[in-house]
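S.K.: Sequence:
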Amino acid sequence: MGLFGFRKNVDTHRLLDTPRGPRPAGYPPGTPVPGEIAVYFADDPRKLYQLHQWLPVFELLHERHPVVIITRNPRSYDALLTATKLRVVLAPAFPDLVDLYECSDVKVAVYVNNSVHNFHSLMQRRMLHIHVNHGESDKVCMVSNQVKAYDRVFVAGEAAVRRHRAALIEFDESSLVRVGRPQLDLRPDPLLPPSPRRTILYAPTWEGENASNNYTSVDVLGPAIVAAALAVPDVRLVYKPHPRAAISPLPSMAAAHREIVRLVEAAARRDPEAGHQVHATGDILAVIPGCDLMITDVSSVGLDFLYLRADAPMFIADRYGDRARLHDAAPISRCADVIDSASIGALTGRLADRLGVDRHRAARAATRTHYFGDLAPGESTVRFLASIGDAVTRRDRQLGSTTAPKEAGMDQLNVVILAAGMGTRLGMPHPKPLTPLADGRSILQQQLDNLRAVFGDRARVTIVVGFHAEEVMAAAPDALFAYNERYAQTNTSKSLLTALRSSAPGGVLWLNGDVVFDPRLLSSISPAILEDRSFVCVNTEAVGEEEVKYTASVDGFVVELSKSVVDGLGEAVGINYIASPDKAALVEHLEACTDTDYFERGIELAIEAAGMRVVALDISEFFVVEVDFAADLERANVEVGKTVTPAA
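When we follow my numbering, the leftmost residue of the sequence shown carries the number 621, and every step to the right adds one.
Note that these hints are calculated values from the structure, not bench results.
Don't take every hint at face value.
Below 35 angstroms or equal to it, Euclidean Cα-Cα: the simulated DSBU-like pairs (lysine-lysine) are [to be verified]: (1) LYS705 x LYS759; (2) LYS768 x LYS705; (3) LYS667 x LYS768.
Make the full structure from the sequences, and use the hints.
M.R.: In structure tokens form, the structure reads like this:
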């Protein structure tokens, strides 16, 4: 089903490298756990729903950075063995966990809840710790003072940022990273069969672990809600309770849940064609697409419905009957009808009205943006993967586990391809780097092949993505990625800044994502890379009006570099290198650039203010063209077969 679809035909009953047979008492002492990312889950099976929704996302992450799940509870360990193909290990005692971390090279630990047991894992100092939580919700429990202990806190959007700001004292908001909700990019197989009837979904939450976190409608309004929904003509009712509602120890909750189930099952017997049903298990995300209206409480599933079905009406139940408090605490309630003890008597008619006239639809669209930003399908996953990758890179950089190119030889070369832009001038529906060439390859693939032909495995390629990011990622599965979340509002200065901030130590070679060139060009510039000299590749045989032009000092160093240069000596071709000692200065001056500046402005500022010396490296003897217009593409296709050397 595509890059972000659910995996089909996966043998989920087998575990990579997980021994079968009797469950071990714990992971063997002194045995390193293979993996860069540790997903830490210390709780018992009652809370496994918090982890289950992340498993498909973590399986995608595993394709880029090996993932291992670390458990502390034997029953949770047993349950996970059949729930995921990821490796699962058991470290039941604190000394087991300490030993496991000390003998392993885990780089990033990920936490899906606010368990007090997370602090056992947080003691490890040689990892970065990232809290991702298990949903996006307005519940009080979504913000814990524990977040101050994590290096990064992944949140969905603006609503979550404001939630943390309002709830916490002296919290450093710079640790918040907006990634959307990656789980909502998944497309599980639907659980509901098609129906000619309109489907009403009642998906309440549970009672929480304390009174302040109790948002459930089950015990106070649940049976009445179900009876009212069943009375609406020509509907199918689906009851999808929270996983913990059915096992609640509270007598009132247990009794109300049983009554709801009785009502639904009785209605199903009276009218078998209606399709009324109870879904006590199964993925709520597989139920939502088949529904026309949702009734829920203040919970994450309400926001999931808002994201996936902003076109469908919603009802929010308020057990406390305090509408002002509800609207203040849960902005989603302002674009929904509210059910409370005062309005429950008119619910049947109100449901029928909303199925006919959805008067909150426009407001829901704006509210969706407040919670999740303006995200297209797939972009949350792109942000998540890129943000985890950035954490891995930064951890390695701070521990000095990666090396820069050395004079004696190039151990590793950081390469950045700028591919975030929308490429409107070429007029293609896809990202410009994916434009096909005459030899059947895309521009991006030609670049990757050229880099591989000249530098081999020494090239560590990071692609900056933005517009249709998932398409670019699918086209280059072996690359690393950085995400420019403001690609529609910013230019190449900010895309390059994003990449340089997360780059490993050493200089960086970067290419515009629309450059078609002869790979021999890369061989010609290798000596300058080995010498770690900053340079801009230039063509002195052409000075186009629309191109970036340059002037230079008598000793060959760039003085001016922009499209507005007068009497330029030649064109910059979009292939450049920043040396190790100059990288910090370039980052500083890229930060000073405006959103609309090209990266060349950052180079100019660093030259003017910091005295950075950048060589104008003449590569005029080689074919190279930046594909901005249709004529450029025609020229590239004429030359690609005869001048551009095929990849080795």
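S.K.: Evaluate each hint against the coordinates.
M.R.: Tested hints:
no.: 1; hint: LYS705 x LYS759; in the structure: holds, 32 angstroms
no.: 2; hint: LYS768 x LYS705; in the structure: holds, 32 angstroms
no.: 3; hint: LYS667 x LYS768; in the structure: holds, 23 angstroms
Violated hints are absent here; each numbered hint is respected by the structure.
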